[in-house]
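Build out the structure end to end from the sequences listed, making use of the hints.
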Amino acid sequence: MGEQGVELKKSPPVVNSHPPPEVEGQDPPAVPVPAAHTARMARIDNMPRVGRRVSSIEAVKGAPPPKRQSVVVYETPDSPPAHRSSSWWRSLIMDDDKALAKAPPESVTEKTAGLEERDRNISSASVPDRELFSWGGKDAGNHNLALFEEPSMPFFSSYLKAHTTPGPLERMQSENQKKKADLGTMLGVYLPTIQHILGVTMFIRLFWVVGIAGLGQTFLLLLLCCLCTFLTCISISAVATNGVVESGGAYFMISRNLGPEFGSAVGLLFYLANTVATSMYLVGGVEILLLYIFPGLTIGGSEVHSQTGTFGMMTNNLRFYSTLLLLLEFLIVAMGVKFVQMLAPVSLVCVILSILACYAGGIEKTLNPDAGQRVCMYGDHLLQSKFFIPKDNGSIYDMCDYCTPNNTFLMDNLCPLGKCPADVLTTPLSCINGFPGFKSNAFSDNFGSQYIDQFHTTVDDKADLNRDVFQDVKTSFWVLLAIYFPAVTGIFTGANMSGDLKNPQQSIPKGTIAATLTTSFIYFSLAFVFGATIDGSVLRDKNGQSMGGTMVVASLSWPSAWVLLIGSFLSTFGAALQCLCSAPRLLQSIAKDDVIPILRPFKKVTKNNEPFLGLIVTTVIAELAILMGAMDSIAAVVDFFFLMCYAFVNIICTLHSLLGAPNWRPRFKYYHWFLSFLGASLCFFIMFSTHWDYALVSIFLCVLIYKYVEWKGAKKEWGDGIRGLALTTAQYSLMKIEDKDPHPKNWRPQLLLLFSMPWAKELVDVRYLNLLNLASQLKAGKGLTVVTSFLRGSLNSPDDRKRAEQIKSRMDFDMNQVRLRGFAKTLVHEENQITGSLSTLIQSVGLGGLKPNTVLVSWPVHERGSSESSDSEYNTFTDKLHAACAMDMCLIVAKGIIDFPSNAFKLTGFIDVYWIVQDGGLCLLIAYLLKQHKVWRGCKLRIIAIAQENDNNLKMQTELQQYVYQLRIDAKILIVELADPEISKNAFERTLLMEERTMVLKQMQEARSGGNALREISPLVTAERKTGVSAKKSAESTEDTNCATGNDIHKEKAHEEESVTDDQKKEKTMKEKLLALDRTKVHKMHTAVRLNELIIEHSLNSQLVLLNLPKPPRGREGLDDYIHYLEVLSDKINRVIFVRGTGKEVITTHS
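Numbered according to our numbering, the sequence shown spans residues 442 to 1592.
Source of the hints: derived by calculation from the structure; they are not laboratory data. Hints should not be assumed to be uniformly reliable.
[Unchecked claim] What follows is a set of in silico ranges between Cβ atoms, one per label pair, in the way DEER data are often shown:
{"id": "1", "residue 1": "V1207", "residue 2": "K1148", "range": "54 to 62 Å"}
{"id": "2", "residue 1": "R1242", "residue 2": "S1285", "range": "46 to 54 Å"}
{"id": "3", "residue 1": "S966", "residue 2": "S1001", "range": "51 to 59 Å"}
{"id": "4", "residue 1": "S1001", "residue 2": "K1148", "range": "50 to 58 Å"}
{"id": "5", "residue 1": "M1198", "residue 2": "R1242", "range": "43 to 51 Å"}
{"id": "6", "residue 1": "F965", "residue 2": "G737", "range": "56 to 64 Å"}
{"id": "7", "residue 1": "H1113", "residue 2": "K903", "range": "44 to 52 Å"}
{"id": "8", "residue 1": "Q1274", "residue 2": "E1246", "range": "40 to 48 Å"}
{"id": "9", "residue 1": "F965", "residue 2": "K1148", "range": "41 to 49 Å"}
{"id": "10", "residue 1": "Q895", "residue 2": "P857", "range": "23 to 31 Å"}
{"id": "11", "residue 1": "F896", "residue 2": "V1138", "range": "24 to 32 Å"}
[What the hints assert, rightly or not] Within a straight-line C-alpha distance of at most 30 Å, the following computed DSSO-like cross-link-like pairs (lysine-lysine) qualify:
{"id": "12", "residue 1": "K915", "residue 2": "K860"}
{"id": "13", "residue 1": "K1186", "residue 2": "K1153"}
{"id": "14", "residue 1": "K1048", "residue 2": "K1223"}
{"id": "15", "residue 1": "K1223", "residue 2": "K1292"}
{"id": "16", "residue 1": "K1148", "residue 2": "K1243"}
{"id": "17", "residue 1": "K1347", "residue 2": "K1243"}
{"id": "18", "residue 1": "K1522", "residue 2": "K1552"}
{"id": "19", "residue 1": "K903", "residue 2": "K832"}
Glycine included, each C-beta is placed from N, C-alpha and C at the ideal position.
Shown next as structure tokens:
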């Protein structure tokens, strides 16, 4: 590098881009420069002088060519050449340009052009240098972003390509999208929504509402209805512009924002609402057809028009003709959505003409008052026209000719059999103009309300059903609200067609809000026209009985009543067509999400993207609704389905606005959470104020579907708003919980389960499953539970992390199976990190005041004489206990966990609590909580208190009985006295065996490890050595005596003495061993033996025994002894739970 640097400074060489001429007798250059470079540079020189890019290559002896540098010099044709630097490398560039200018042009082929740059770099480099150059370049995958290269994270350019370059899946989806109708705002949203909203209710019920409620309260009623839908439209616009809205409209928005459970529940109700609304519109249309347009089509004649009972002839007519219209609409919808939308403008034009005819009729009646239809009044009672006009030779246009006392037909009806009551002769008959126009006093007369009871003709007078016009229902403001509200529904029509819209985000807000404002103006203006131009008594004639069965609004219209009759019929037909078209698409969207398995067949569509199976089912359900017959009863049911959907859409917008989720970025900016909240409140207010019983039923159905989807439905993660609400609520609640010990009234065991067992796919650990069952029985789904499994491995290993995730998923599944609500965790550690991992976990688990306070572990499994790793379940047992005790956590150790019942069993018997030490009442609380579960509910609770020799047993039992009674726990009290202070021989022998076993195990472990270090000599070994020396001396003394005497008698005597001496020696050796034992260990063993005897005596057949857990040893040195004590304590008992509290009170007598 130094030589190269010096040479570079001395004389920067100039590189010729064309090969030098060959000299005779000389070898050609080792690395010729390709001729393609000459052509390339010639092309560059021949380019326009604006923005010319020139390249230079610096050649240095023994060094590879440096990276190509580019210099862009901007020149304009009219300007002088740009000033160039006088640096030496700029001279190189100028020399290159001069040399290239002199070089003859060469043809460039595709092959040479493609390899040109690579050959140029490699041609001037040596072989080793070429190997270095092979590290880069396109062939080596070089992308100049090596610093940011990660296998798991693609570059942004690649991410962008995935969205701009279609793959096979995208091409298939685009092909499917081509089959969409691609409707715009006008045809796709605005016109269908107007057509759906302007239904039958506007023509056959609005004037009646004005007559009953008066103009003032009608405006209030319309304000409630229109404000509810307008506020919902604002929420729809915000939600619809907060991302892509696919097919399904309302269902898609609710499910993606409130979760699949709410989405499916409200979506199905909304589907039923659209389906049943189809029936409502068709029945209303047939009513117009048979009553006003073609009365002769009525089967049975016009005489049966009043037979509107459940099985009346008129009701059967409605069912028959509505079914025919439903079949006709089925065929139209089956032809395709475009055909439906083509018919929509025709129907809508007729509706608009009908509305204009009403406005024109009001003006015409004002300009020509004599053109209004006359009606006959008998006092303040409006008479039915059939009462005074003969059927065969009378006409309603000559009304005033018949409304006189000279009409014999009228007088015969008023005075049957020639006998006239006194009031008949005094009550005046008057023929009045029923449509006086704007100049009359109709506006002021109709401003007040007149709520009339059923079968009444006025507020105070009961009607003569054969003579007077009467009300067929008991009227009130809320009844009218329930009847009229379906007239403002239909704002979701455009959203339901979102799958066929070209740009749903733009079309839905514009079209829906515009349609809502348009229809609201129409309703208010029509109500004003009706109230200001029609007499009040005529407005209250719902079925036009005073005018020979003519529709009241049709008599107002101009130029002809037929304009309004045809328009109103077509409006009902068009609204039913829109409902029948949108309902199957809504069902198909629910089925396509595969949330409810039973709906899977309905996600199929035809080649024209038509949900034909859904259309068939929708038609069948609509036919079932048609069989109900009455339009007003259907309308009341439809209200609540629509209102539930509207309320939930408003709730979505309110939640997102208040929570401020990062993904809440609607393009529609004119919304506010208060407006959405007000809209939701209005929906529920209308529901409960009109029919509270229907409201409860609709909410019950919603909850029922919600729970069914939660139980049987597929789990979907759509990032819904309910999760955001839960997170926000959890954060708020956590901040409210103080990070300190709770009051005993609020204390409950928050469990931390620790597992250190090996995992295998082909094996199922019964101990693990039973411990989960025990936790489930103890918690009963309440409180916090954290299940943690320790896995040996490396956190940096992808395989170990993957295995940890698999085990976590398995734990989650097992917890769900046993209905244990909580969190599963896996902790990967190195073999020598288990102690630190345990300590760290127990110190850091939880969040704020919500953290585990009780550690639940199973009794460790250990094979005698086997060597185990340091992170085995047995060796980490005391680590778990120590860490929990250090953090003031309670301990629950389940022994005999294999014999514990699963949640499928129900046990009977006793649960015995041996209350030995005051632990704050934890033993008693654990037993009580277990008894709340169905597995242990059949068991009776016994509290067995351990008394000392000096205790007053009778007084102790009385006080304990009173204490348990104040705790509100039903339990039997037993006092057991542990009054034998003498240490039994069994205790000494068990302690000796424990010590010998411990010594043997240590020797075996040292033999395996090959340790030769100095060790502490056990007292037992010292005693044995002393015994051996004394025995040897005694034997030698006996042998000398025998030799000295030499007599046989003495030998025989000596032999007997020797045998006696051996027994004495053995007994003496045993005594020395026992005396050498640690007294503390002997006393502990004595306690374990005596308690075990008491437990076997009183609780051998009990289903469960709860004991206080003794204090664990400080280190692993005393682990074997500690385990041995507890094994002796629980010997021959199937199920034992050791409980250790912190000494703090966890149960209280206070309320």
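Do the hints match the structure? See the list:
Look at V1207 against K1148: about 33 Å separates their beta carbons, and that is not inside 54 to 62 Å. As the Cβ distance of R1242 to S1285 is approximately 20 Å, the hint placing it in 46 to 54 Å is violated. Distance hint check for S966 and S1001: the Cβ-Cβ separation is about 21 Å, which falls outside the suggested range of 51 to 59 Å. Look at S1001 against K1148: about 56 Å separates their beta carbons, and that is inside 50 to 58 Å.
The given range of 43 to 51 Å is broken by M1198 and R1242, whose C-beta atoms sit roughly 20 Å from each other. For F965 paired with G737, a C-beta distance near 37 Å fails the hint of 56 to 64 Å. Checking the proposed 44 to 52 Å range against H1113 and K903 shows it holds: the Cβ atoms sit about 51 Å from each other. With their beta carbons about 20 Å apart, Q1274 and E1246 fall outside the hinted range of 40 to 48 Å.
A beta carbon spacing of about 42 Å between F965 and K1148 agrees with the range 41 to 49 Å that was offered as a hint. A beta carbon spacing of about 25 Å between Q895 and P857 agrees with the range 23 to 31 Å that was offered as a hint. For F896 paired with V1138, a C-beta distance near 28 Å keeps the hint of 24 to 32 Å intact. Under the criterion of a C-alpha separation no larger than 30 Å, the hint pairing K915 with K860 is inconsistent with the structure, at around 33 Å.
As the CA atoms of K1186 and K1153 are separated by approximately 37 Å, the hinted pair breaks the 30 Å bound. Distance check on the hinted pair: K1048 and K1223 sit about 52 Å apart at the alpha-carbon level, beyond 30 Å; violated. Between K1223 and K1292 the CA atoms are separated by roughly 14 Å; this keeps the pair inside 30 Å, and the hint holds. Simply put, K1148 and K1243 have alpha-carbon atoms about 33 Å apart, too far for the 30 Å limit, and the pair is violated.
Between K1347 and K1243 the alpha-carbon distance is near 39 Å, which puts this suggested pair outside the 30 Å criterion. Of the supplied pair hints, the one linking K1522 and K1552 holds, its CA atoms being roughly 14 Å apart against a limit of 30 Å. Note on K903 and K832: the hinted pairing holds, with a Cα-Cα distance of about 26 Å set against a maximum of 30 Å.
In summary, the structure is inconsistent with hints 1, 2, 3, 5, 6, 8, 12, 13, 14, 16, 17 from the numbered list given earlier, while agreeing with the others.
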